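Chemist: Here's the letter readout for the chains.
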Amino acid sequence: MVLSRTVHSESDVSLHSTFASRYVRTSLPRFKMPEESIPKEAAYQIINDELMLDGNPRLNLASFVTTWMEPECDKLMMAAINKNYVDMDEYPVTTELQNRCVNMIAHLFNAPLGDEETAVGVGTVGSSEAIMLAGLAFKRKWQNKMRALGKPCDKPNIVTGANVQVCWEKFARYFEVELKEVKLSEGYYVMDPDKAVEMVDENTICVAAILGSTLNGEFEDVKRLNDLLVKKNAETGWDTPIHVDAASGGFIAPFIYPELEWDFRLPLVKSINVSGHKYGLVYAGVGWVIWRNKEDLPDELIFHINYLGADQPTFTLNFSKGSNQIIAQYYQLIRLGFEGYKNIMENCQENAMVLKEGLEKTGRFNIVSKDHGVPLVAFSLKDHSQHNEFEISDMLRRFGWIVPAYTMPPDAQHITVLRVVIREDFSRTLAERLVSDIVKVLHELDTLPGKVTAKIEIHEEKGLEVKQTELEVQRKITEFWRKFVANKKKTNGVC
Amino acid sequence: MVLSRMISDTDASVSSTFASRYVRTSLPKFKMAEGSIPKEAAFQIINDELMLDGNPRLNLASFVTTWMEPECDKLIMSSINKNYVDMDEYPVTTELQNRCVNMIAHLFNAPLGEAETAVGVGTVGSSEAIMLAGLAFKRKWQNKMKALGKPWDKPNIVTGANVQVCWEKFARYFEVELKEVKLREGYYVMDPEKAVEMVDENTICVAAILGSTLNGEFEDVKRLNDLLIEKNAKTGWDTPIHVDAASGGFIAPFIYPELEWDFRLPLVKSINVSGHKYGLVYAGIGWVIWRNKDDLPDELIFHINYLGADQPTFTLNFSKGSSQIIAQYYQFIRLGFEGYKSIMENCQENATVLKEGLEKTGRFNIVSKDKGVPLVAFSLKDHSVHNEFEISDILRRFGWIVPAYTMPPDAQHITVLRVVIREDFSRTLADRLVNDIVKVLHELDTMPAKVTAKTELCEEKGIENKTDLSVQRKIADDWKKFVANKKKSNGVC
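Which chain is which? The protein sequence lines are R and S, in order. Residues 1 to 495 (the numbering used here) make up the first sequence, in order. Residues 1 to 493 (the numbering used here) make up the second sequence, in order.
Check each hint, because a few of them may be wrong.
As the list claims (entries may be wrong) - Calculated lysine to any residue pairs in the SDA-like style (CA-CA distance at most 25 Å, straight line): (1) Lys341/S - Leu28/R; (2) Lys146/S - Asn202/S; (3) Lys371/S - Gln142/S; (4) Lys140/S - Lys75/R; (5) Lys151/R - Gln142/S; (6) Lys31/S - Asn144/R; (7) Lys342/R - Ile45/S; (8) Lys146/S - Lys342/R; (9) Lys75/R - Glu40/S; (10) Lys40/R - Asn387/S; (11) Lys155/R - Pro28/S; (12) Lys29/S - Arg265/R; (13) Lys39/S - Asp53/S; (14) Lys183/R - His303/S; (15) Lys154/S - Lys75/R; (16) Lys75/R - Lys179/S; (17) Lys32/R - Arg432/S; (18) Lys31/S - Phe338/R; (19) Lys29/S - Leu28/R; (20) Lys182/S - Glu300/R; (21) Lys440/R - Asn388/R; (22) Lys179/S - Asp154/R; (23) Lys75/R - Glu69/S; (24) Lys154/S - Asn144/R; (25) Lys342/R - Pro28/S.
Quick caveat, the hints were computed from the structure, so don't treat them as lab data. These numbers come from a predicted model, not from an experiment.
Generate the whole structure from the sequences, applying the supplied hints.
Modeler: Right under this line is the structure:
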């Protein structure tokens, strides 16, 4: 005879199914730590379910940052997830892999290294840290120079275009360097080398050029900047150097535009940063900064750590961090090799062309991005009277696509663009789908009246004898609100 | 009739990984190779090289977490392609960070009203957290001095000589002078009296450590607070305190709740803690919490528009992975207060087991305190024949990574071995470690000291030169000191 037994004990949690357990029925405290533990399956399910409402990373067309890697690489990353990169003594192979990556990238950028010479560079958490390190090196070098000349060294400045990514503003604000921005103009959305060189003065620690402008993917003319600055340096004797922010372009130009001179082939370029997690094809969390040679990195900034009896110099802001992105970068470099990267970049370019041509065919858009540059397509509406790019962006969200709309920095703030970044995992099929979805959005918008016009119509329908001035006031308020929102969106960290 | 076919050279996917041509030729190490290789080969090549790295779980040098539950690993893997900074695109992940900040702020008794949100941020580690906190102090102090019309070009910060290297980085990179309170034999943390003495008008803050790197001791933050209040009343300088609770921040609230070290002390304006130490998350996450909005100058904050609402951000890093933030949230809700408490108590008990095992050998002095971070720091009673570095080297053969460090000034003549007890260091492993240390001691007892060996060799060879021998001994001694000094600058973390 089998005795039936009822499950009655509430403390015997493991018998309940996850979804029926008491833990998913009561909501967890959000801002204070709960008193008690919960089973790991419930914790997993709770978090997993909430995260379903995040956007899909692969449909996030706003970001340059890699969203797909091969499963073999995922395996390597998972196996290395509990390795703290900074323990160089304990994980010498991982440290060696970083050194190899630095050297490979330095050679890719034509650093003037002898056969036996090792490159000067470091892996960072991203281009933000890389830029801060490079900027710090310039600042310290400049300060030493000024002190030796007996001149004041308390007002350093850096010359960039107004199209710089927000991390340069962070660098300027946190490290007390003045940011002198070359303003953009309509139709010219990158830093003008002539204007930049004009702005250089005795206190300029460096001029920062961008290879792959965030907003429209354009490569700045680093060669022209170099030539103009060489001339100016000869006149002034200030010896102002150049830094190239190749966050996006650094892993594109060497493969598809090898004849473009932008790197250490130009004598004034002293350091370059590149994001491993953009076109380096690694997940978020790795960047690289390379210096031309030892003299460009003041020794006083370097911390010397003894590892395995040898001196391992380090210069980073972060200390403990994961090792997996470094290993993943090495994986990509040896897995793909030069031809692999070249194939992928060419493919991205071709997909960008497909998207661009599809958009041009609608006849409704101006293409703001150039063909020569980072594979992305930036476009704006020809006709702004009824609808604007922000509305297109919102409606595309319903189809699952995340396509951001940005206003340009000064002095081109009246231009708004939509920007689609073509990454390795954005196939031609997806490009074609995106075009047809954009066409659908346009049709839908065509049926919707413009927002201001709608209000006026309602008023007239209601037969309200509203004075002309009230309508005008209303229109003015709406315009003002739109500008205000547009302005606020402008400070959206464009990345 | 089956035709046999030769495997074509170009048909690379048919060859087995280990026999493929790619593993037979070595890859260029310092330049990118021209051609691609199959992904299986790439995986195998890297995997094989990495076998020679140490085993993270046997790395007893590090406080950083080396094990998490498989459910959490699953969450980490599925969010590995999420760039945390895309707040617009991943609003839930951003919300999880905000919840963690608030949970930690409450854990540290931040004086928050019922509906008030905490001021804090997730960082890549305590280094970034400390730089942000230091930057806030520096800017606040500069503004104060400017308003008073006084010079503000020589800020300094008072800490103990036992600070972790990230404070030195902060000082060097952000141009702040580091005024260190020297240690002495037997007292390996910052002395509050001496610290307060060193405070002057240009001091932007005094940094106390909860969980000193070298011996796990908690500094007496309450005493520092009380002395500093007195001094501030006399001088009017209003010098604040920052608590570097990188290790201790997730220990003290659970097993020493009565210990006053956090925002309960009025002069404590910011605290940092490493999520990847006793927060029980893999490497790559830290937290910094400010007492309230006034302690974080608004000019340092970048305002990003997200979902129509203002999301203020203040970090050095921009793009980074989201996995660790999600993992931290997982740990908070999975464990809750009682879970963390259980784990910390367990670590303490295992530390005691290890400590007692070492004491029983009769060969070691225990340098760490019972109250503090669960670690055991110990040194040899007798240094005449062998030293701690040799023990560390020989233990490596058994698989254990136990580092040896010399203390900072003025206690450089003291060397300690340090074993950190993490969540995944069980009592069984503790017993095994003691056994292996005993084996190492036996082995060393059979080996003569290195210098003595040289001397013996010389005498055997009949070299008749007293001065030569003493020169030799001096050289050996000098080398030992030189190596020991070099090892001292090893980033102790």
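Chemist: Next, verify each hint and record whether it holds.
Modeler: We went through each hint and held it up to the structure:
1. Lys341/S - Leu28/R: 19 Å, holds
2. Lys146/S - Asn202/S: Within the cut-off at roughly 12 Å; holds.
3. Lys371/S - Gln142/S: The given pair, whose Cα atoms are some 38 Å apart, is violated under the 25 Å limit.
4. Lys140/S - Lys75/R: 46 Å, violated
5. Lys151/R - Gln142/S: Holds. Lys151/R to Gln142/S sits at ~23 Å (cutoff 25 Å).
6. Lys31/S - Asn144/R: With Cα atoms ~34 Å apart, Lys31/S and Asn144/R exceed 25 Å; violated.
7. Lys342/R - Ile45/S: 22 Å, holds
8. Lys146/S - Lys342/R: With a Cα-Cα distance of about 55 Å, the restraint between Lys146/S and Lys342/R is violated, given a limit of 25 Å.
9. Lys75/R - Glu40/S: Cα-Cα ~11 Å, so holds.
10. Lys40/R - Asn387/S: Distance of about 45 Å is beyond 25 Å: violated.
11. Lys155/R - Pro28/S: 45 Å, violated
12. Lys29/S - Arg265/R: It holds: about 22 Å lies between the C-alpha atoms, which stays within 25 Å.
13. Lys39/S - Asp53/S: Answer holds: Lys39/S to Asp53/S is near 22 Å, not above 25 Å.
14. Lys183/R - His303/S: 22 Å, holds
15. Lys154/S - Lys75/R: 50 Å, violated
16. Lys75/R - Lys179/S: The hint is violated at about 46 Å.
17. Lys32/R - Arg432/S: This hinted pair is violated, its Cα atoms lying about 39 Å apart.
18. Lys31/S - Phe338/R: Within the cut-off at roughly 10 Å; holds.
19. Lys29/S - Leu28/R: Roughly 51 Å between the alpha carbons, so the hint for Lys29/S and Leu28/R is violated.
20. Lys182/S - Glu300/R: Holds, at roughly 23 Å.
21. Lys440/R - Asn388/R: With a Cα-Cα distance of about 15 Å, the restraint between Lys440/R and Asn388/R holds, given a limit of 25 Å.
22. Lys179/S - Asp154/R: 23 Å, holds
23. Lys75/R - Glu69/S: 17 Å, holds
24. Lys154/S - Asn144/R: 17 Å, holds
25. Lys342/R - Pro28/S: With a Cα-Cα distance of about 18 Å, the restraint between Lys342/R and Pro28/S holds, given a limit of 25 Å.
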